[in-house]
Every structure is written in C-alpha cells, then in structure tokens.
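Asker: Protein chains in written order, with the working numbering: chain S, 1 to 310; chain L, 1001 to 1353.
Think of the hints as simulated: they come from the structure by calculation, not from any bench.
Errors might be hidden in some of the hints.
Cβ-to-Cβ under 8 Å is the rule here; a few derived chain L residues that face chain S [to be verified]:
id : residue
1  : G1078
2  : Y1157
3  : M1163
4  : I1164
5  : E1168
6  : P1320
7  : L1323
8  : T1326
9  : G1329
10 : Q1339
11 : S1342
The C-beta atom is built at its ideal place from N, Cα and C for all residues, glycine as well.
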Amino acid sequence: MAELFTLPVLVGILYSGIRLATPYLFAAIGETFAQRSGVLNLGVEGIMLMGAFSGFYVGMKTGSPWLGLLAAAVVGILMGLLMSFISITMQAEQGISGIGLHLFGLGLSSLLFKTTMGGVESIEGFKAVRIPLLADIPYVGESLFNHNLLVYAAFLLVPLSTWVLNKTTLGLKIRAVGQNPQAADTLGVNVTRVRYFCVCLGGMLAGIAGASLSIALINLFQENMTNGMGFIAVALVYFGGWRPLGVMGGALLFSFVNAFQLWIQVKGINIPSDFAIMMPYVLTILALAFATKRAQGPAALSKPYERGEN
Amino acid sequence: MKRVLNKVFEALLPLLAVPVAFLIGAMMLLALGANPLEAYGAMIAGAFGDVSGLTQTLVKATPLLLVGLGVCIAFRGGVINIGGEGQIIVGALAATAVAVGFKEWPGLVLLPLCMLAGVLAGAMWGGVPGILKARLGVNEILSTVMMNAIAVQLSNYLLRGPMIDPKEIEAGTRIAQSALLPRSVWLARLVPQTLLHSGAIIAVVLAVVVFIFLWRTTIGYRIRAVGLNRDAAKYAGINVPFYQALSLILGGAFAGLAGAIEVMGVQHRMMENLASGYGFSGIVAALFGSLHPLGSIPASVLFGGLLVGADKMQRAVQVPSALIDTLLGLVVLLVVGSQVISRRRAHRRETRG
C-alpha cells in the first residue's frame, strides 16, 4: 500500500479525480434541477448514452468538438422532452418511465452506433487548456488547472446552479413546484411548464455529460460506455441532499475513490481488480444509507400533479 | 355489461403499446433502408414459425417469467426491483457452486439443493436493498442498480479465480467460465434435440402459486395493501417496512431461481453474460402483463419471442438486434404513459356515481 502514497501518485489521483468527476457533475446537477421541481428522472443513463453517441458522431463527421457538444445538448433536450411528456403530461409512474427511457436510449445508441460506424474509432476531442500562472502552482497546479474546457465548465456549473436555485425567481418557482405544486399553482406558477423546463434542462446536461466522455475525456464511443454512471448520478443527488454543493462533494468523493481504484490497478497492488472496480458501487450504497435519513427531499418528488385533485 | 366492457378495454389498453411501438420501429427500419414487412416477417417466423423457433422462444420466456414474477410481487408491495440482473447472476453462481462442490451427491438431493441455493442467494441480493429500504429509507431503485454492478464484478472475480473450470487452466485458454455441472442436476429436456427444459413448467406452476399467494393468503393481502396505500396499511396496523423488505426479498428469490434454472437447464455451466438483460426485459414482461402473475405468462412468451426474433431479423435483413431493445424501451414508455387513461376513466365513473 505504501507505494500509493508517494507524491507523483497522489498528484495523479488528484488529476484523474477532478477529470472523472466531470460527467457525474453535469448529469447530477441536471438531475438536481429535475428533482427539485418534483420529477424523478431515472433515465439519465439512457440520455447520457444518446449524448455520448451524438456528440461523438457529429464531432467525428464535422471535425468540430463544439458542434458535437451542441448535438449532444440538443439530443439531450429531446430525450428530456420525451421524459417530460410521459411523466408530466401523461402522469406516468416515474420510476418505471425512467427505466423505459434508459432502455430506449441504450438500444437506440447501440443501434445507431452499429449502423453508422460499426467499429470503435477515436477522435481528437476537446484539448486541455492550461490556465497560465494557476497551473504553475507547485504540485497541485497541473492537476487542477490543466484540463479541457468541459471539466472547468462542470465545476463552474456548481456555483451557477446554486445561485439560480437559491437567488432567482426561477429558482424560487422550481423549489415551490417541487415542494407544494398546489400552492404554487394557486399563486400563478405554471407547474407543468416549470417541470418541463427542469426535466429538459436536466436532459441537456445529461446529454453533455455523455459527450464529456466521448469527446473530451475518453474520445471514443462504445456501446453502453456509461456503464451505470447515470444511475450513480441520480444517487449523488440524494447523497448531496438536493443541493449542488453537496452533489459536488459526492461526485468528488466518488471520482476520487474511482481514481484511487485505477491507481491500485496501475500499481499492480495485490487486490483483485474486480474488487477494486466494485468499490465505488459499494461506496454509493453506503453513501445512500448514510445520506437518506439526514436530508429531506422535495416533498412532491415523483408525484405527478393534476389540477383539482385535492 | 358496461362495467365488464370498461374492464376489458382497460385490460387491453397496454396491448396497444406493442403495435404503436412496432409502427415507430417500422419507421426506423425504413430509415435504415430495410423493408419493415420483411424484417418483421423474419422476426415472427423465426420466433414462432417452427418447432425450433418456438422452443427457443419458450427457453427465453422462462427466465423472463421468473424474473417477472419477482417484479410483480415487488410492484404489488409498492417497491420497484431493478436488481433482477444481479440477482440472476448470484443465483446462478450459488447453484453452480453447490452443484460443482457436491457433485457426488445423488441428483434427487443435489438438484433441489442447487435451486434452493439460487433462491437464497437471490433473496440475499434482494434483501440488502430490502433491509436498507425498511431500516433507513434508502431508495430501492438506486440500491438494486448498484447491487447489479457489484454482482457483475463478483462473478468476474469468481469465474476467473476460485470457480474457473480447471480444464480452462490446463488448456491455457482461461475462458471465464465454471466447470460443467454434474449431469444429475441438468433439468430434463422436454423436446428432444432442443434446449426446452422442465424449468419452463416450474415457471408456469410458480406463476399460479404467486397468484394464489398474492390474492388468497394473508401475507399476500398485506403486501398488496402496502402497495395500494401505504398510509392506510399503516393505520390498519400492517408493519409497512417489513412487507416492503419482504417484497424485495421475494423478488430477489425469484430472480435468483431464474439464474439457477438458466444454469441447470440451458448452459450447464456458469459463464459471463449469463443474465444477458433478462433482469431488465423481465420488468418489461411483467409490466406488459399488467403486473399480474398470470398475465405475465403470455407476456413472457411474447417478449421471449421478440428476443429470439431479433436475432433472426438481424441475420435476415442485417438490422442490428439493438432495434428490439429500443422497441422494448418504447413499450415501457407507452404502457406507463397510457395508464393515466384507465385511471381517468375510473375516476370519471366514480364521480358520476
């Protein structure tokens, strides 16, 4: 174990931990908006896969990762619209409609991948942007300030979404709709519209989360490449107590354990790699067990709203 | 008379989801440059057209039905079990370990013991989310998904390490699979030269048992009461967390049995990807069967047929079988999306008196 606690390894863990947090942050902050408005979107995983594919495909065909990112965002919004229609307008049981959306995204992204590309290819993707001066800080500088733009964007999203949720009229409406839709409705807030907006925003961010894998972090697309990340992102929202800052804490904890796990494998330490890969999932269950009693979720979470019911 | 017609209409409503999903599928096929009629023709002929296709369909329907029964119980108890995939894996691992470990034992003892091992392992895998839900209120959807990922890694470890077939090490190929199960625990073949095994009968019998359990026993009644209205059940003195945990444990037990039966009836050894999505497709089958154990029987055969037909379609018109996964997702969305229509009709009837 001692060889894990050398300076280069710790700096390496810091670097990959920050990187790995990116897709979780995008997806989980998007899901935070959906859940704060009262909609549990379990289909994040499927949206991420569609975002990863469309981002990669458009990025590959046009040679521009920016257009790929745009495509992923648009596809994410479309998937969000589908989820909104089924869950909000048709008032479906949200746990199941999310699983349906996941299966749909998983199947469609594989189908499109097989019919358009077939084999695994890689692209250039977003390149690292070194922030001058800050990146020169000894030891931690390179780990914190030499990443691609999406990594910075994911972390900037945290204060931004905290501000939107807590300090703006829109945020107030979102929280009201998630807490007490009847009261919000009587005060003239359009419950349906606010929920559609939040689920589509969550969809867009999930699409970008997928693209952050395929055009910024790994730079290739594989079938089912998210491998459970979307579900973990949903768990992070619970863990973070429905607050962006808490979600970031969870995402970092999770990605650092993951980075640590990767280094265990790199260093060939005598733990079977299967157990190392298992660690983050066990951690998620433990985290949920400790977080659930503590935090109170939005009161109307996963309850469809119908006028005149009460 | 009108009441009967209303009930019939509402029971048939989910059935509309399949033609609608297939219509969307036809548009996708056209977009991919394939002839939808030819593709669907190949699919139906492949799944139901001859003895070989039909038996393959029933072989796939068996785990779907078993998982689906577990999903029915969980849903009726108001909890959602997404952990079928992991429960199948640990059930299959446990059955394999017992069969290979005690291979000299007589089949009469060993065979039920293997099934029991599968049931217990699955129940344990469903029990962790169940107890976490009951004690700490942990969202069972998320914990069952995590348990799936843990089961996959556990299986990878065991099949490459302690449980690997010694012959694979001798031959140096090191394929991650267990030793062959002793013949004494192989399930009898129902039709010679095919894979159809007696597990299919077990599944159908269990569907009837689950129906009786849920609608004719006190425990079943309480599970349904908890699922229908948690607060009312609580005021009626029912221990809600206990029955929620029990529904998840039973759900896991059925999926674990599905894993054991898949190993003992079809593969005769544990291997990677044994669960192959049955955990998720089983949910679709159960939903489509209106979460009724008996309705799940035809639903499982239908979706078993879709899985078999998807492979045949892939070969006939070169459209990836992932199309069927996409359609399964659409079926789920359409079924849950259309439930509001029956709810609203029922509501209107009540208010009109």
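Asker: Can you verify the interface hint for L/G1078: is its Cβ closer than 8 Å to any Cβ in chain S?
Answerer: This hint is violated: L/G1078 lies away from chain S, its Cβ roughly 11 Å from the closest one there, beyond 8 Å.
Asker: Identify whether the interface hint at L/G1329 stands, where standing means a beta carbon of chain S within less than 8 Å of its own.
Answerer: Since the shortest Cβ distance to chain S is 3 Å, the answer is holds.
Asker: Next item in the hint list is L/S1342. Is there a CB on chain S closer than 8 Å to its CB?
Answerer: violated (12 Å)
Asker: Do the numbers back the hint for L/M1163, that is, is its least Cβ distance to chain S under 8 Å?
Answerer: violated (12 Å)
Asker: For the hint on L/I1164, just tell me whether its beta-carbon gets within less than 8 Å of chain S.
Answerer: Constraint on L/I1164 not satisfied, violated at 13 Å.
Asker: Hold the hint about L/Y1157 up to the distance rule: shortest CB distance to chain S must be less than 8 Å.
Answerer: Given a least distance of 4 Å, the restraint on L/Y1157 holds.
Asker: Would the hint on L/T1326 be counted as holding, given a Cβ-Cβ threshold of 8 Å to chain S?
Answerer: holds (3 Å)
Asker: Double-check L/L1323 for me: the hint is only fine if its C-beta lies closer than 8 Å to a C-beta in chain S.
Answerer: holds (5 Å)
Asker: Does the closest beta carbon of chain S sit nearer than 8 Å to the beta carbon of L/P1320?
Answerer: holds (4 Å)
Asker: Just to be careful: measuring from the Cβ of L/E1168 to every Cβ in chain S, is the smallest value less than 8 Å?
Answerer: Given a least distance of 17 Å, the restraint on L/E1168 is violated.
Asker: May I ask you to test the interface hint for L/Q1339 with respect to chain S, counting a Cβ-Cβ separation under 8 Å as satisfied?
Answerer: holds (7 Å)
Against the hints set out earlier in the document, violations occur for numbers 1, 3, 4, 5 and 11.
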